[in-house]
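Use these hints to put chain B with the ligands onto chain A, whose structure you have.
Going down the list, the protein sequences come from chains A and B.
So for the first sequence, my numbering puts the first residue at 104; every next one is plus one.
So for the second sequence, my numbering puts the first residue at 7; every next one is plus one.
One should not assume that every hint holds.
Stated by the list, open to error - Example chain A residues on the side facing chain B (calculated, C-beta under 8 angstroms, incomplete):
{"#": "1", "residue": "174"}
{"#": "2", "residue": "178"}
{"#": "3", "residue": "179"}
{"#": "4", "residue": "184"}
{"#": "5", "residue": "193"}
To be verified - Here are the simulated lysine to any residue pairs, SDA-like style, with alpha carbons at most 25 angstroms apart:
{"#": "6", "chain 1": "B", "residue 1": "248", "chain 2": "A", "residue 2": "123"}
{"#": "7", "chain 1": "B", "residue 1": "275", "chain 2": "B", "residue 2": "208"}
{"#": "8", "chain 1": "A", "residue 1": "127", "chain 2": "B", "residue 2": "138"}
{"#": "9", "chain 1": "A", "residue 1": "127", "chain 2": "B", "residue 2": "135"}
{"#": "10", "chain 1": "A", "residue 1": "127", "chain 2": "B", "residue 2": "238"}
{"#": "11", "chain 1": "A", "residue 1": "224", "chain 2": "B", "residue 2": "83"}
{"#": "12", "chain 1": "B", "residue 1": "233", "chain 2": "B", "residue 2": "107"}
{"#": "13", "chain 1": "A", "residue 1": "127", "chain 2": "B", "residue 2": "131"}
{"#": "14", "chain 1": "A", "residue 1": "224", "chain 2": "B", "residue 2": "61"}
{"#": "15", "chain 1": "A", "residue 1": "224", "chain 2": "B", "residue 2": "47"}
{"#": "16", "chain 1": "A", "residue 1": "240", "chain 2": "B", "residue 2": "80"}
{"#": "17", "chain 1": "B", "residue 1": "248", "chain 2": "B", "residue 2": "273"}
{"#": "18", "chain 1": "A", "residue 1": "127", "chain 2": "B", "residue 2": "239"}
{"#": "19", "chain 1": "A", "residue 1": "224", "chain 2": "B", "residue 2": "77"}
{"#": "20", "chain 1": "A", "residue 1": "159", "chain 2": "A", "residue 2": "196"}
{"#": "21", "chain 1": "A", "residue 1": "240", "chain 2": "A", "residue 2": "156"}
{"#": "22", "chain 1": "A", "residue 1": "159", "chain 2": "A", "residue 2": "272"}
{"#": "23", "chain 1": "B", "residue 1": "82", "chain 2": "A", "residue 2": "234"}
Keep in mind the hints are simulated off the structure, nothing from the lab.
The C-beta atom is built at its ideal place from N, Cα and C for all residues, glycine as well.
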Amino acid sequence: MTKPSAQKESLAVKYGIEQPARRKAFKRVFRHLGVAVLGTAVAQAAIFSRPARAAKILRPPGALPEKAFDSTCIRCGLCVKDCPYDILKLASWTDPAPLGTPFFVARQDPCRMCTDIPCVKACPTGALDPLLTDIRKADMGVAVLVDHENCLNYKGLTCSVCVRVCPIRGEAISLKPIQNERGLLQIPTVNPDKCTGCGTCEKHCVLSEATIRVLPRELGLGVSGANAAGRGVW
Amino acid sequence: MASALKRMAAALNRHRWLLMRRTLQILIVLAFIVDIPELGRIAHGNLSSSLWFWNVPLTDPFVLLQSLLAGAPLAKTALIGAAIVAGFYAFFGGRIYCSWVCPINMLTDAALWLRQKLNIKGNLTLSRELRSVLLVMALVLSVITGTLAWEIINPITLLQRELMWTSSAGLTFLAALFLFDFLVSRRGWCGHLCPVGAFYKYLGHYGRLRVTALKSDACAGCSDCIKVCPEPHVLAPVVAQKALAVTDSDCTRCGACLDKCSSGALSMKLDFGGKSAFRGIPIVKS
Ligand code: SF4
Ligand code: SF4
Ligand code: SF4
Ligand code: SF4
Numbered sequence: 104m105t106k107p108s109a110q111k112e113s114l115a116v117k118y119g120i121e122q123p124a125r126r127k128a129f130k131r132v133f134r135h136l137g138v139a140v141l142g143t144a145v146a147q148a149a150i151f152s153r154p155a156r157a158a159k160i161l162r163p164p165g166a167l168p169e170k171a172f173d174s175t176c177i178r179c180g181l182c183v184k185d186c187p188y189d190i191l192k193l194a195s196w197t198d199p200a201p202l203g204t205p206f207f208v209a210r211q212d213p214c215r216m217c218t219d220i221p222c223v224k225a226c227p228t229g230a231l232d233p234l235l236t237d238i239r240k241a242d243m244g245v246a247v248l249v250d251h252e253n254c255l256n257y258k259g260l261t262c263s264v265c266v267r268v269c270p271i272r273g274e275a276i277s278l279k280p281i282q283n284e285r286g287l288l289q290i291p292t293v294n295p296d297k298c299t300g301c302g303t304c305e306k307h308c309v310l311s312e313a314t315i316r317v318l319p320r321e322l323g324l325g326v327s328g329a330n331a332a333g334r335g336v337w
Numbered sequence: 007m008a009s010a011l012k013r014m015a016a017a018l019n020r021h022r023w024l025l026m027r028r029t030l031q032i033l034i035v036l037a038f039i040v041d042i043p044e045l046g047r048i049a050h051g052n053l054s055s056s057l058w059f060w061n062v063p064l065t066d067p068f069v070l071l072q073s074l075l076a077g078a079p080l081a082k083t084a085l086i087g088a089a090i091v092a093g094f095y096a097f098f099g100g101r102i103y104c105s106w107v108c109p110i111n112m113l114t115d116a117a118l119w120l121r122q123k124l125n126i127k128g129n130l131t132l133s134r135e136l137r138s139v140l141l142v143m144a145l146v147l148s149v150i151t152g153t154l155a156w157e158i159i160n161p162i163t164l165l166q167r168e169l170m171w172t173s174s175a176g177l178t179f180l181a182a183l184f185l186f187d188f189l190v191s192r193r194g195w196c197g198h199l200c201p202v203g204a205f206y207k208y209l210g211h212y213g214r215l216r217v218t219a220l221k222s223d224a225c226a227g228c229s230d231c232i233k234v235c236p237e238p239h240v241l242a243p244v245v246a247q248k249a250l251a252v253t254d255s256d257c258t259r260c261g262a263c264l265d266k267c268s269s270g271a272l273s274m275k276l277d278f279g280g281k282s283a284f285r286g287i288p289i290v291k292s
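Next comes chain A alone, as it looks inside the complex:
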């Protein structure tokens, strides 16, 4: 017992007039699958070849490590909105960070280290870790005196602005005396365990380009231990 429509179809198929509906559907699915696989391969290559986040791009306090942050932050901008000092911005296409993620640039506007950390409280996803309750434990980066040649204190002057503006001065950054051929120098010295990377020192460095800069920790700090280079064949 075949329905008339089915009978018609089978006849049409028999004489090669028409392909059966099922084969047509398969063809359609496979064509779309092909587009999807090809598209995924191309897009994946494009995504992996995105430029990495630039070193001057700093994340708000409590931000997860960059990779986890990239997957957890949903680019909503609630942290941006709740920052009372308006230092944060969501990355646009011209900013060197994944599109839509929040960042600040220390030299333009440093984090003021609010004690109630409103940015973290605003975050709906935990991309800014809610376990961060003491702003002094924040880790946005680490300040590094990158250019000794131009730092005024290294020239024997007593500028020390970076030390004086630090919200945790004395602990995160302090003056350490060094004796050399120029005499007794007072060197701004950062304690990486205490520095939060807020960027206030970088913002206020009196030179036209800051000699002290906040860098992501993995760029700014060495790690003690042996380097394998030169010690083995490979």
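Just chain B with the ligands now, with coordinates in the frame of chain A:
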């Protein structure tokens, strides 16, 4: 005077659905950028995730899904927000988002309007299923790359960010999107490519708010409804007298068909599957 008023009222009535949804779309855009004196801003964040009336969290379930697939841990506020949004669209119909919320819809509608005004005929035909392909791609890519793949280009939040910071980098992309819909492909973006629309279509597959043909005997058979529908295939079963209501979840509930139809044959109804006498809409072929 009276007749002018009457004509205006009639014109308004002919565009009542369009006016209602434009109003809502514009209000939503403004809620994120305008500070009301005394009160401040009604909505914070953007359409990825937002806080409304200082208390209600809303999160786009599609963005959250990408984030979770990329490896993010579960977070309470975002989950609650996504549950509210997903619940609403699952109950009423997913692509209500497209017609009543999404700001890109205004851009693509404008492109179509201009296209029709200038009578541009050239059209790149695309498959409407491409958007589902893009949806699958976005989800798979999120797993592979560990980033929110669609958010790298998502024009919806891009537009909001451009408005908020008046930057222009993303405007080129939005302009390209407009030109694509205007010159290259009729309803190309929202009708064929956007995976957000596809996501909401699947989310709202069993949506209960439906264009219903209860007074089908009032139909004059002009088939104008099909001509204005952004997803004309959804009206086909109703017109072919095979269905009482538009059940295809591609329907964006924009109400264009209701605005166009002067006979009152169609209406927007919460449909719980109750039975009634059904005769279909006779479409007279000319
Ligand atoms: S701690 Fe305060 S100043 Fe720093 S980013 Fe958060 S809200 Fe802004
Ligand atoms: S509030 Fe959280 S999820 Fe939203 S942009 Fe900021 S870090 Fe990302
Ligand atoms: S970045 Fe500079 S100002 Fe901020 S805590 Fe570190 S040393 Fe102090
Ligand atoms: S299809 Fe996409 S861009 Fe168009 S209205 Fe829907 S969500 Fe917005």
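Status of each hint after checking the structure:
1. 174: This hint holds: residue 174 of chain A lies near chain B, its Cβ roughly 4 angstroms from the closest one there, short of 8 angstroms.
2. 178: 5 angstroms, holds
3. 179: The hint holds - residue 179 of chain A has a Cβ within 8 angstroms of chain B, the shortest such distance being about 4 angstroms.
4. 184: This hint holds: residue 184 of chain A lies near chain B, its Cβ roughly 5 angstroms from the closest one there, short of 8 angstroms.
5. 193: Given a least distance of 6 angstroms, the restraint on residue 193 of chain A holds.
6. B/248 / A/123: 24 angstroms, holds
7. B/275 / B/208: 20 angstroms, holds
8. A/127 / B/138: 18 angstroms, holds
9. A/127 / B/135: 15 angstroms, holds
10. A/127 / B/238: It holds: about 23 angstroms lies between the C-alpha atoms, which stays within 25 angstroms.
11. A/224 / B/83: Holds, at roughly 11 angstroms.
12. B/233 / B/107: 23 angstroms, holds
13. A/127 / B/131: Holds - the C-alpha atoms of residue 131 of chain B and residue 127 of chain A are around 19 angstroms apart, at most 25 angstroms.
14. A/224 / B/61: With a Cα-Cα distance of about 13 angstroms, the restraint between residue 224 of chain A and residue 61 of chain B holds, given a limit of 25 angstroms.
15. A/224 / B/47: 18 angstroms, holds
16. A/240 / B/80: Roughly 24 angstroms between the alpha carbons, so the hint for residue 240 of chain A and residue 80 of chain B holds.
17. B/248 / B/273: Holds: residue 248 of chain B and residue 273 of chain B sit about 17 angstroms apart, inside 25 angstroms.
18. A/127 / B/239: 19 angstroms, holds
19. A/224 / B/77: Between residue 224 of chain A and residue 77 of chain B the Cα gap is close to 22 angstroms, so the pair holds against 25 angstroms.
20. A/159 / A/196: With a Cα-Cα distance of about 16 angstroms, the restraint between residue 159 of chain A and residue 196 of chain A holds, given a limit of 25 angstroms.
21. A/240 / A/156: 23 angstroms, holds
22. A/159 / A/272: 22 angstroms, holds
23. B/82 / A/234: 14 angstroms, holds
Every hint, counting from the list given before, is met by this structure.
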